[in-house]
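With chain A fixed as given, assemble chain B onto it according to the hints.
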Amino acid sequence: AQKVTQAQTEISVVEKEDVTLDCVYETRDTTYYLFWYKQPPSGELVFLIRRNSFDEQNEISGRYSWNFQKSTSSFNFTITASQVVDSAVYFCALSEDNNAGNMLTFGGGTRLMVKP
Amino acid sequence: NAGVTQTPKFRVLKTGQSMTLLCAQDMNHEYMYWYRQDPGMGLRLIHYSVGEGTTAKGEVPDGYNVSRLKKQNFLLGLESAAPSQTSVYFCASSNFADTQYFGPGTRLTVL
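Here the protein sequences line up with chains A and B, keeping their order.
Counting with our numbering, you get residues 318 to 433 for the letters of the first sequence.
Counting with our numbering, you get residues 9 to 119 for the letters of the second sequence.
To be clear, the hints were calculated from the coordinates, so they are not data collected in a lab.
Note that the coordinates shown come from a computational prediction; the quantities given were computed from them, not determined experimentally.
Some hints could be false.
What the hints assert, rightly or not - Not everything, but these chain A residues come out facing chain B in the computed CB check (under 10 Å):
#	residue
1	Phe352
2	Gly360
3	Phe423
4	Gly426
5	Arg428
Unchecked claim - Every beta carbon over 10 Å from chain A, so not counted as near; a handful from chain B, in silico:
#	residue
6	Pro16
7	Val20
8	Leu21
9	Pro69
10	Gly85
11	Ser88
12	Pro91
Built from N, CA and C at the ideal position, the CB exists for glycine as well.
So here's chain A without its partners, still in its complex pose:
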């Protein structure tokens, strides 16, 4: 069975600090997909990134970067020079390829608070 763990329930940083959000997953599949979503205070879920299990290249998008390590079953998310607008709940999620419904399993989320 698939499982996603986000051990950090809340993180508080001061603006301009770097912060890393941890995500550890469990799956028996060799083909799977990992995702990060952002949920700002307004409540909607915003897609950030999708990664397949065969692509271990790290990804950078502006101040955001993602580190995928199959050896440790982790897909961590780093925000560089954090800003107040980054304050949100961030969810990591997993989908297995043999999953008929393409279903997502979510972690419990990490609430990030960026203080000015």
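Leaving out everything else, chain B in the frame of chain A:
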């Protein structure tokens, strides 16, 4: 192109009442989903559909029914609402093995 829309945005029910939540998508996606999000928790899958006319149970299906009569719409029904169904409900859609895109959510309170 509105993406995924949900109706209504808010609703308050009394225990035992029924209601239907409507999800619509204009991205021609095959798959649609209903999730619930409870305070401090991630999203949990209620039901999903892999195509028009098909539905299947997710992780927490009890107390809910769904229908997918048209490809673009996915309805979630509560036949007899209970306080335990107070939650925020999210609809999502995707194509196979692709990213799920979410609607804005419906906040439901059952008194």
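#### Entry: Hints violated by the structure (listed by number, smallest first)
Going through the list in order, the structure violates no hint and respects every one.
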